[in-house]
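Asks: This is what each chain is made of:
Number of protein chains: 2
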Amino acid sequence: MPKIVDHEKRKEMIAEATWQVILKQGMKGATVRNIAKEAQLSLGALRHYFSTQEELYMFAMNLVKERVLKRIEKIVASDLPPKEKFISFLEQLLPMDEESRADMEVWLHFTNYFLGNEELLDDGIREGIENALCFLDCHQLLKDNIDIEIETERLYALVDGLALHRIMDKNRPTNEMMHQVLTKHVETLFK
Amino acid sequence: MPKIVDHEKRKEMIAEATWQVILKQGMKGATVRNIAKEAQLSLGALRHYFSTQEELYMFAMNLVKERVLKRIEKIVASDLPPKEKFISFLEQLLPMDEESRADMEVWLHFTNYFLGNEELLDDGIREGIENALCFLDCHQLLKDNIDIEIETERLYALVDGLALHRIMDKNRPTNEMMHQVLTKHVETLFK
Numbered sequence: 001m002p003k004i005v006d007h008e009k010r011k012e013m014i015a016e017a018t019w020q021v022i023l024k025q026g027m028k029g030a031t032v033r034n035i036a037k038e039a040q041l042s043l044g045a046l047r048h049y050f051s052t053q054e055e056l057y058m059f060a061m062n063l064v065k066e067r068v069l070k071r072i073e074k075i076v077a078s079d080l081p082p083k084e085k086f087i088s089f090l091e092q093l094l095p096m097d098e099e100s101r102a103d104m105e106v107w108l109h110f111t112n113y114f115l116g117n118e119e120l121l122d123d124g125i126r127e128g129i130e131n132a133l134c135f136l137d138c139h140q141l142l143k144d145n146i147d148i149e150i151e152t153e154r155l156y157a158l159v160d161g162l163a164l165h166r167i168m169d170k171n172r173p174t175n176e177m178m179h180q181v182l183t184k185h186v187e188t189l190f191k
Numbered sequence: 001m002p003k004i005v006d007h008e009k010r011k012e013m014i015a016e017a018t019w020q021v022i023l024k025q026g027m028k029g030a031t032v033r034n035i036a037k038e039a040q041l042s043l044g045a046l047r048h049y050f051s052t053q054e055e056l057y058m059f060a061m062n063l064v065k066e067r068v069l070k071r072i073e074k075i076v077a078s079d080l081p082p083k084e085k086f087i088s089f090l091e092q093l094l095p096m097d098e099e100s101r102a103d104m105e106v107w108l109h110f111t112n113y114f115l116g117n118e119e120l121l122d123d124g125i126r127e128g129i130e131n132a133l134c135f136l137d138c139h140q141l142l143k144d145n146i147d148i149e150i151e152t153e154r155l156y157a158l159v160d161g162l163a164l165h166r167i168m169d170k171n172r173p174t175n176e177m178m179h180q181v182l183t184k185h186v187e188t189l190f191k
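Chains as they are written, first to last, in the UniProt record's numbering: chain F, 1 to 191; chain U, 1 to 191.
For reference, chain F alone in the conformation it holds in the complex:
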């Protein structure tokens, strides 16, 4: 079914054009017109793929999520020891290279745009961290009497706070500092 593949590919290409426009001009520049121009499509052609701006935005947001998820799957499938794997998983949620920085900057713009729409803004990170902590706890790798609910909120806030700070100031915290902070934190959780 080559036509369907093309259709999906074209949609992804439009989503990537959307990210580019957002990175260059912020949400206020991310009009259907500007996105069509960036994607080198006519307005009519773009409307063929996405009938509304909201629909396009949601598709573009989802694609950011999928990219992050793919990076995480690679780490989960690796044969790192549990503590290192956990730290490495958390590092996938931080803007440590150009690709992930762009992802997270776009995400922050979307967050601002969709403020108040809790369901749409759920990036699945809290759940991912909670699942990981539960898994480690089940395997008796974490300290006794750990409160998974509190530790999930704490680690989730820590990770997003680091990401936010690095997006606000591209020089700090450095990758090395973010790694040290995560390592320190994870060490206080592990036995």
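Hint data in this document are derived by calculation from the structure and do not stem from the laboratory.
Chain U is faced by these chain F residues, among others (derived, beta-carbon under 10 Å):
#1 Thr111
#2 Tyr113
#3 Leu115
#4 Asp122
#5 Glu151
#6 Leu158
#7 Val159
#8 Leu164
#9 Ile167
#10 Met168
#11 Pro173
#12 Leu182
#13 Lys184
The C-beta atom is built at its ideal place from N, Cα and C for all residues, glycine as well.
Assemble the complex: chain F is given as a structure, and chain U must be docked to it using the hints.
Replies: Just chain U, lined up with the frame of chain F:
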């Protein structure tokens, strides 16, 4: 010098109108025209106080900082024991009531708007946390061999991550959960 007082008061009133417009319509609605309307001033009168939109934005941002600082000063001057005072100081940086929620929501909009302008976005919170940790460490209240630099980044990220999450979803983390997370974190730092 009643004239100067009036001038400053009027500027503050305009800054407050700016917040209101941002809260209602986001940065894209925060035009000089809309702000003048909200402040019930003519465009000419508004221009008398702020010649450019940037100048107005910066004044409004600064006023948010000052409001937070005033809340912190009250806590510092209180006679709470050190650990409770420290937790209470950190809680001033979280959107736990309507006033602080509005402050932080406005701040997040400004952050997005001024992304890339590191100096402008420095809210002084990192420095405040670092100073507090140094003070506590000097008074031998923190665990031995604590790394102030790492702990500053860690706590700064934790606080801003909690604030970001609560602004993204006004139902969670709850005040009670944020209090528990901070208490847990601070307890791991204290002797």
